[in-house]
Structure formats: C-alpha cells, structure tokens
Amino acid sequence: MALKQVSSNKCFEGFQKVFEHDSAELKCKMKFGIYLPPKAETGKCPVLYWLSGLTCTEQNFITKAGFQQAAAEHGLIVVAPDTSPRGCNVEGEDESWDFGTGAGFYVNATEDPWKTNYRMYSYIKDELPKLINANFPTDSERMSIFGHSMGGHGALILALKNPGKYKSVSAFAPICNPIQCQWGKKAFGGYLGPDTSKWEAYDATQLVKAYSGPRLDILIDQGKDDQFLSAGQLLPDNFIAACTEQKIPVVFRLQQGYDHSYFFIATFINDHIKHHAKYLNA
Amino acid sequence: MSSRSGSTREYETSSQSRGHSASPPVPESSETESEGLIFYHMDLYGSKERFDIFPEELSGREDRSLGDTRRESVLSSEKVQCSQEIGYDMEKEVAELAKMYGLDEDKEKELELLGGRVEMESRWPPARTKKAGSQGSTYNASKSSTSVKDQSQSTKQQGLPGEASQDEDQSKTRADDEVESNRWSREGLRSGGMSDEWNSQAVSEEQEEEEEEEVANVFCSTCKIPIRAFDKLFGEHKDHEVTQLPNALESEKEEIHKNIFLQAAVTMVDRLEEFLKQEVNLELSTLPDFEERVIDFSEVEQLMNSINAIPAPCAPVINPQAPNAATGTSLRVCWGLFSDDTVEGYQLCYKPVSNERHGDERAEHTLKVRETYCTITNLLPNTQYEFWVSALNASGISPPSERAVYVTAPSPPIIKSKKIRSCENAALVCWESGDINPVDSYTVELYKLTDEPNDDTVTESIVGIPNCEVLIHLQPTQRYHICVRAQNLGGSSERSEPVLIHTTGTCFYLNEDTAHPLLAILDDGFTISCDELENPECDLPVYDNSFTRCIAILGSLIPFPGKHYWEVEVEEDTEYRTGVAFENTPRHGHLGANNSSWCMRHIITPSRHKYEFLHSGMTPDIRITIPPTRIGILLDYENCRLSFFNADIAQHLYTFNSRFQHYVHPCFALETPGILRIRTGITTPPWTALL
Numbered sequence: 001m002a003l004k005q006v007s008s009n010k011c012f013e014g015f016q017k018v019f020e021h022d023s024a025e026l027k028c029k030m031k032f033g034i035y036l037p038p039k040a041e042t043g044k045c046p047v048l049y050w051l052s053g054l055t056c057t058e059q060n061f062i063t064k065a066g067f068q069q070a071a072a073e074h075g076l077i078v079v080a081p082d083t084s085p086r087g088c089n090v091e092g093e094d095e096s097w098d099f100g101t102g103a104g105f106y107v108n109a110t111e112d113p114w115k116t117n118y119r120m121y122s123y124i125k126d127e128l129p130k131l132i133n134a135n136f137p138t139d140s141e142r143m144s145i146f147g148h149s150m151g152g153h154g155a156l157i158l159a160l161k162n163p164g165k166y167k168s169v170s171a172f173a174p175i176c177n178p179i180q181c182q183w184g185k186k187a188f189g190g191y192l193g194p195d196t197s198k199w200e201a202y203d204a205t206q207l208v209k210a211y212s213g214p215r216l217d218i219l220i221d222q223g224k225d226d227q228f229l230s231a232g233q234l235l236p237d238n239f240i241a242a243c244t245e246q247k248i249p250v251v252f253r254l255q256q257g258y259d260h261s262y263f264f265i266a267t268f269i270n271d272h273i274k275h276h277a278k279y280l281n282a
Numbered sequence: 001m002s003s004r005s006g007s008t009r010e011y012e013t014s015s016q017s018r019g020h021s022a023s024p025p026v027p028e029s030s031e032t033e034s035e036g037l038i039f040y041h042m043d044l045y046g047s048k049e050r051f052d053i054f055p056e057e058l059s060g061r062e063d064r065s066l067g068d069t070r071r072e073s074v075l076s077s078e079k080v081q082c083s084q085e086i087g088y089d090m091e092k093e094v095a096e097l098a099k100m101y102g103l104d105e106d107k108e109k110e111l112e113l114l115g116g117r118v119e120m121e122s123r124w125p126p127a128r129t130k131k132a133g134s135q136g137s138t139y140n141a142s143k144s145s146t147s148v149k150d151q152s153q154s155t156k157q158q159g160l161p162g163e164a165s166q167d168e169d170q171s172k173t174r175a176d177d178e179v180e181s182n183r184w185s186r187e188g189l190r191s192g193g194m195s196d197e198w199n200s201q202a203v204s205e206e207q208e209e210e211e212e213e214e215v216a217n218v219f220c221s222t223c224k225i226p227i228r229a230f231d232k233l234f235g236e237h238k239d240h241e242v243t244q245l246p247n248a249l250e251s252e253k254e255e256i257h258k259n260i261f262l263q264a265a266v267t268m269v270d271r272l273e274e275f276l277k278q279e280v281n282l283e284l285s286t287l288p289d290f291e292e293r294v295i296d297f298s299e300v301e302q303l304m305n306s307i308n309a310i311p312a313p314c315a316p317v318i319n320p321q322a323p324n325a326a327t328g329t330s331l332r333v334c335w336g337l338f339s340d341d342t343v344e345g346y347q348l349c350y351k352p353v354s355n356e357r358h359g360d361e362r363a364e365h366t367l368k369v370r371e372t373y374c375t376i377t378n379l380l381p382n383t384q385y386e387f388w389v390s391a392l393n394a395s396g397i398s399p400p401s402e403r404a405v406y407v408t409a410p411s412p413p414i415i416k417s418k419k420i421r422s423c424e425n426a427a428l429v430c431w432e433s434g435d436i437n438p439v440d441s442y443t444v445e446l447y448k449l450t451d452e453p454n455d456d457t458v459t460e461s462i463v464g465i466p467n468c469e470v471l472i473h474l475q476p477t478q479r480y481h482i483c484v485r486a487q488n489l490g491g492s493s494e495r496s497e498p499v500l501i502h503t504t505g506t507c508f509y510l511n512e513d514t515a516h517p518l519l520a521i522l523d524d525g526f527t528i529s530c531d532e533l534e535n536p537e538c539d540l541p542v543y544d545n546s547f548t549r550c551i552a553i554l555g556s557l558i559p560f561p562g563k564h565y566w567e568v569e570v571e572e573d574t575e576y577r578t579g580v581a582f583e584n585t586p587r588h589g590h591l592g593a594n595n596s597s598w599c600m601r602h603i604i605t606p607s608r609h610k611y612e613f614l615h616s617g618m619t620p621d622i623r624i625t626i627p628p629t630r631i632g633i634l635l636d637y638e639n640c641r642l643s644f645f646n647a648d649i650a651q652h653l654y655t656f657n658s659r660f661q662h663y664v665h666p667c668f669a670l671e672t673p674g675i676l677r678i679r680t681g682i683t684t685p686p687w688t689a690l691l
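Residue numbers (UniProt numbering), protein chains in the order written: chain D, 1 to 282; chain L, 1 to 691.
Chain D extracted, bound-state conformation:
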C-alpha cells in the first residue's frame, strides 16, 4: 500500500509525520499522524495507538497534546488516525458534529448509507496496524491503545473485544456506556440500527461484564469539571461498577477543575505514556 508523506517535523529528536493512504476498509483516502522517536532510527519500537474524540482529525492530538517528549523518552511510536472516513460524500454525514463525519464511533456500521465507509472498527483493528507494521520500524508484538472521549470509548472496546492484542489501555474522559447516553444512542442507532442488542457489542460497560482474557490494567482520567460528564454522556460510574464486579483492575482519577479539552489531556498525558511504557517496554 502506498504511503504518501504529507508533513514531517522534527520534534524531541524524533519526527512527527503525517501520512496519507488509500484505505481499503474505508474506501477513501485517510491520513494519520505518526511520531517516530529517536530510538526508531536504530531499532524497532512498540506502537501506541491514539484514538481521538468527536470532531477531531489527525491533527488535534499531534499538535495539542504535547506527548512527543514522553514518547521520545520512552521510545514509543505513537500513531494518531483520523476519527472517520472523509470525502465519501455520504448523505447526512455533515449534518451534526456528533454523528457522521468526525464521529465514526469506532464501529463497523451495518446500516445504510454508512455501512460502506464507516468501518472504523476494522480500520483500527486490522488495516492500520498492518500498514504501520509494514512501513515503519515497529515491534509488531507490542501494541497499546488509548484515546479521548469517543476515542476513549474506542480504545476500551477494542481492548475488551480483543483480549491479548493490546498490552495496556487507558482513556481520557471516555464514553464508557454509550448505550446509556445520548451520544451513543444517536450514533449506534444510526450506524447499527434500532436493535439495541447489537449495540452492546460496542459498549465498554457491557463488554467488561463478559470479558475474559489476560489481565488488563486500565487507567482513566476524568476532568471533574467536564461538562459532558455532568451532562451524563460519559457515565464512568457504570463502567467502574462493572469493573469492580468483574474484578477488572481500573484506576479512575477524577481530576479536580479539569474539563474535557486538550488542556486536560496535555496535563496528564505523561502519566498515560508512562503507564503504557511500563507494559510496552517490560
């Protein structure tokens, strides 16, 4: 598959690059950001996948989060894909910011007109890692995943649905229980149809209840002043309760005064990088 480098900037002695490629899953051109640490010049590095939230592109994380220093220090390749297919001209994709463009919800849509392009789950699970491993000095056995908001939801469900694939998982203000919140109901209804039983397969809280696999170690940071928290969109308590019941190790940190923005992400990104590095470099 041909990769086209869109940009490259030296950063903390590594390189923050953006590439574009033709996605078979999504049937369109897709961009992704990739940070290559200094260590990647001389050896293979583990890969940490970041999934962004609603309205984001591949740019937000690589420009706002400030993760490159920690990534360089710990020798991790960080890949940040886009949040949905672009330029597919699916009808209605731009109608709202929380459904369609920039709101892929990391599912494989089954409903028309979405099912052709909106296959972000498979893209993240299969196509992208294959592409990255083929084109960059990666240690393909060592992969971890994390994300923010909708991306947090995506990270959790990918880890829970693929036991053993990811060494570690963490999230910033994830949508923990989408079938219970407004965003989830809207998105799942649109992508997956009205049958809510089909939604459970993409709900972290639900997935936890049925999880069996290698022990996870989940770190979640949540801004206490996050408007969406108070709006009931995120519902971390449900997830925590389910994890407590299922004895899934979670450390959930409610961070006083922080909101849903990248300023919050930037504050705690190092803790997350270290959390993943502990497992990826072990």
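In case anyone wonders, no lab produced these hints; they're calculated from the structure.
Quantities reported herein were computed from a predicted structural model and do not represent experimental measurements.
Glycine included, C-beta positions come from ideal geometry on N, C-alpha and C.
Among the clues, some could well be false.
[To be verified] Here are the simulated lysine-lysine pairs, BS3-like style, with alpha carbons at most 27 Å apart:
id : chain 1 : residue 1 : chain 2 : residue 2
1  : L       : Lys610    : D       : Lys247
2  : D       : Lys186    : D       : Lys224
3  : D       : Lys209    : D       : Lys27
4  : D       : Lys185    : D       : Lys209
5  : L       : Lys610    : D       : Lys274
6  : D       : Lys27     : D       : Lys125
7  : D       : Lys27     : D       : Lys17
8  : L       : Lys610    : D       : Lys209
9  : D       : Lys17     : D       : Lys125
10 : D       : Lys39     : D       : Lys64
11 : D       : Lys224    : L       : Lys418
12 : D       : Lys165    : D       : Lys224
[Stated by the list, open to error] Pairwise CB distance ranges (calculated):
id : chain 1 : residue 1 : chain 2 : residue 2 : range
13 : L       : Glu460    : D       : Ser261    : 55 to 65 Å
14 : L       : Pro606    : D       : Thr55     : 38 to 48 Å
15 : D       : Lys64     : L       : Gln661    : 29 to 39 Å
16 : D       : Ser8      : L       : Pro606    : 48 to 58 Å
17 : L       : Pro686    : D       : Lys224    : 30 to 40 Å
[To be verified] From the derived model, a few chain D residues whose C-beta atoms are all more than 12 Å from chain L:
id : residue
18 : Glu20
19 : Glu25
20 : Lys39
21 : Gly66
22 : Asp112
23 : Thr244
Chain D is already provided as a structure; the job is to place chain L on it using the hints.
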C-alpha cells in the same frame, strides 16, 4: 628472674654516681626492718667493706653456691697477692683497698674481691663487738673519711652497705698487717655463703698466721676451724676430729646455720685474741689493742635467732600493663626484682579501684607467687584493679612495690538486633555496652558471607567508633555478619554475637513508644492489631511519644537516600491508613491530615470501597476497582515520590510528588478492629521502576 628495667635506674644511678659509699637505695620503709635485722656488720668477721646492695654486675640471682668455688680459687691467688702487700706504704694500701672495695667502677675487681677475700680485722674494739649484736650498729656513711688515722669505730649505719669509710680506716690502720681482705659480700650475707665465707676466711686467717708458718691444711671438725696439721698433733686440737680441708669445706658448706656462725664468731674471737696476743713480726702503725674480756654473744645470738642470717629483700618493681595482658576476666601482671636479694617468692595483692575513700577491705586479695608474673582470673570486665607486690624470703617480707593499675578488657557489646535498619546499600546498626563503666571506643567487624563454608574472614573493620551506633555502606543482595567489639586500655573485648544482614531490601522495625494505647504489636514485631475502638482518646497510659487519637504507630526512621520499598498486608474489610511521616508529625493528629504525613487510606462505605491519598488533609478523587490486600509502597527520596501499588497485580495506584526535606518514618494506623502486617527486606520490584 628479676629484670633490669627502668625502675632500677635509681639504684644504678646512685651506685654509679656515688660509688659504694653513698646511701644505698634501700626503700624507706625498709629502714626500720633492716635496723633490727639482717645486716651484720662485718666487724664480726673483720670485714668492713660493704658493697652496694645492687651492684651492676650481679643480678638478683639466688644461687650463691656459684661464689663458693670461685672464692676458693680466688682465695688462693689472693693469698699470694696479699702476702705481697705487706710492707707497702700506706697510700698504696689505701688505693689498693679502694679498688678492692669496689670504690671505683671496676666490676671485675669487685667480683674478684667478692670472691672471697677475707679481711682480717686486726682491730676489734670491744665496743664494736658489743654493738655488733645491737641494733645500733651502723656504718659511717660518709666516704670522705679516708683519713685513716682515726681508729675509733663509730657505730655504722646498718643500711649502708658498701661503705668503705670505716672499713677503710680500719684496713688502713692495718695496712702492714694487711694480708687478705675478706670481703663479706652480699652473697655472703645470704644463705649459703656464710660458712664458705667463714671457711675461706678461716683459711685466710690461717694463711695470715702462717705467713711465717705453715699453711693450714686440715680441718678440725671439733672446733670447726682449719688448723695446721701440727696443731692437731701438738696443740689444742690434739684430741679433736680432723678432716682434710677440702672435705671439711664441703661439709661445712652444708652447715649453713646461724649457730655455726655464732660458733665461728666465738671461735674466731678467741683465735683473734690468741693471735693478737702472740708476738708477731709485723709492722703496725699502731699496736693492735685487744682487750681481753669476755665477749657477750648473747645478743648476737638473739639477733641471729630472729633471722635467717640473710636480710629481707627490697621491694620489687611492678610493671605497667603490657598490651595483650588482659582479657575480659583475667590480667597478667608482671614485676621485677632489681636487687641481689635472696627471694623465695612474692606476695601479690590486688583490689578493684574504687572511688570510696575507705576502700572495701574485703575486696583486697592476696596471693603467693613464686615467679615474677601471675595471671589473675575471675575478674570483672572493664574494671580497674590496683596491684602491688612484695618479695618474700625466709627473713621476711619486703616493703610493697608501688601500686600499678591494670584494667581488664571490656565485655563484648550486645547488638540490638531488633533495632537494625538496613537497605540495599547500607545498614544502621546499634548496640549497647556489655559493661556499666564506659569503654574507650568500639570496633565493628564485617564478614561478607560467601557460598564457601567456613569463610570467616573479616572483610572490613571500622575502628574508633565513639557511640553505640554506626552506619555501614554495603553491597546489594549480599549477606553479612556484623560483630562489635569494645575497646579500652586493656585491649579488645571478645566479639559480640553476630547479626545477619541481608541487603535485599529496606528493613526497619516498629517504634513501640509511638504506638497508640489501643494498638498492639504482635510477637513477630511486624504485625499490629487493634481490638476495639472505644474511647480512642481514653485514659490509658500514654507515652510522650505515642499517638493519642489516630490509632497509629511509626516505623523507625529510614535514614538512607535512594529508593525503599516495603509492603503492607491487610484484609479486604480492614480500614487503615499507611504511608510515611516526619518524626515530628503531631501525635494528636491523624495521619495524612497534616503536612508532615502522607498516607493511603481505605474506608468502606455501604456501597463501595473508598480510597483516599491524604496529605495536608487533601486527597485526589480516585476509584480503585480491586481493593488491594497487599500494598506496595515505594519511597523514592531521590525523585521526591511516594508511590502506592497493588502488589498482587502490579497495579500502580497513586503517587505523591513531594520533596521530603527530612528522612521519614513509615507509618501505619488502623481504623477498624483488624490486623495489618508489614513486610520488609523486599527487593524493589521492577514494575515500580517506571514512574
């Protein structure tokens, strides 16, 4: 035997500087003794020369028989020499006598003279004779009286052997008469010499007589004198037993008895009388004057009965404590004798040094010892003892030596094994002295244990430790034995019982005196329990240092830089607080409620487990889905962090980022009845590393 050490300096000096005429260095205390005792003045034998008690040549050997044969041989040569002296002028005689009496430094001459020149005392003033037996017989100490004209014999100071003055006088008056001088040596004074002296003296007398006549060649056993064979046939000895002289000499040698002396003295006086009454063809500057009268020897006899014909010895000199002379319970004490005194043994006395003015008399011990050293056992360690020693012989006891203080080595210290703190790189060991009295310093010995058995070599020693604790730098993941010895002037104690230190991880113990009254420490020293919560501010006895509200306890200080890891085991339903605190954290406060403590707190609400990470009363809002039962705590002084983990699943829970201005103590508290177990000595797990 006795050794010449520094303490004899005074004696040697005196004899060297003043020859044999100055006051001999007899200890003061002996004067009274010596007066009544033992120094016969030589007048009885006619010999006035007195040698120093401590001539340089002769050490205090007790073998007097050595002199005998020598004297014999010398005597014969002396005879010849003496006979030649007759007729010399006075001056030469004086000089000769001076030499003979050892007034110069000629030791050989002294020896030679000691060998038994018998001096005939031509003048025997009755006064002196009488005084011989009295205590008042003394010799004139002054050497200056070289003028020979003075015939009067004043009483001689008894304690002044080696004085030649009077002797000189007398001898010089007899210069023409001088044939042989019979030097009554000190050896003669002691046992064994007497009869020989007498023999040689008698022989020489005989010689003297027989300048003109024959040499005495037989010995009259009846009269106990040598006589001429002629006398046997025709003289008074006609009916007496005679033996050959050599034989007689031998037999006489066996009879060392004061009665012999007495008899000899009596006989000699008689002979002298006889001799002097004879017409002799001698040139005398003055006529000898022998007043014939009965000489009362009863006093002499009495005197002799009271002693053994030898003087009591001089005081020995006790040595200062030598290195390695002490153990914790014994001392080896040495002393020396710096005189020629005959000594049969020593009496060693000692007692512990005490501060009381009137020492405990019962504490004084006395031993009889034959050698010049003794090892005293059953002593107390780290204790000073005073020793003093006296010399003994048949005549009595010498004055005591000066007192020397010896100190026993200390007892081995006792390491407080339950109070050892260590980490991978260091250990803090403390101990207590095995003695009540202070010691000078301590030495710590390290033995790094290897896999080889019996590898017991000290790998490191730390000396000169003034206090009862030491910080030792060690290597990680090693095993060490550590011992302590105490040091004092007596030496080193035995080593203490060793303690074993594994440098696998940080070790500390619990400070019992900080425990809240309701907190109990179980026997293993690392488990705390609380049975009831009633009256947490009750009237139970409280130490100054203990918590009063928070049912808490502090561990010992962790005084080593770097990282330290330990674990706390709890039950799921135990409510607790655990973390670290400064020493000065308020005992009336709660752990984490102030800025001098940091802790993780677990409480149970009706709905869930709740976890807090408290410092200055504040905590982040943290949910933990799995309640840890084994909490790993990582204290990182270097990176200013205190981290908590669920050690069972290697899950990081929370990290305080805080600069610790001081070293901290681990702290533990219970908030419900339950137990909390502490584990130390654990190697820091790798999954704590990446923070």
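Consistency of the hints with the structure:
no.	hint	verdict
1	L/Lys610 - D/Lys247	holds (15 Å)
2	D/Lys186 - D/Lys224	holds (25 Å)
3	D/Lys209 - D/Lys27	violated (34 Å)
4	D/Lys185 - D/Lys209	holds (20 Å)
5	L/Lys610 - D/Lys274	holds (25 Å)
6	D/Lys27 - D/Lys125	holds (16 Å)
7	D/Lys27 - D/Lys17	holds (22 Å)
8	L/Lys610 - D/Lys209	holds (22 Å)
9	D/Lys17 - D/Lys125	holds (21 Å)
10	D/Lys39 - D/Lys64	holds (23 Å)
11	D/Lys224 - L/Lys418	violated (48 Å)
12	D/Lys165 - D/Lys224	violated (31 Å)
13	L/Glu460 - D/Ser261: 55 to 65 Å	holds (60 Å)
14	L/Pro606 - D/Thr55: 38 to 48 Å	holds (41 Å)
15	D/Lys64 - L/Gln661: 29 to 39 Å	holds (37 Å)
16	D/Ser8 - L/Pro606: 48 to 58 Å	holds (57 Å)
17	L/Pro686 - D/Lys224: 30 to 40 Å	holds (33 Å)
18	Glu20	holds (34 Å)
19	Glu25	holds (34 Å)
20	Lys39	holds (16 Å)
21	Gly66	holds (18 Å)
22	Asp112	holds (40 Å)
23	Thr244	violated (4 Å)
In summary, the numbered hints that this structure violates are 3, 11, 12, 23.
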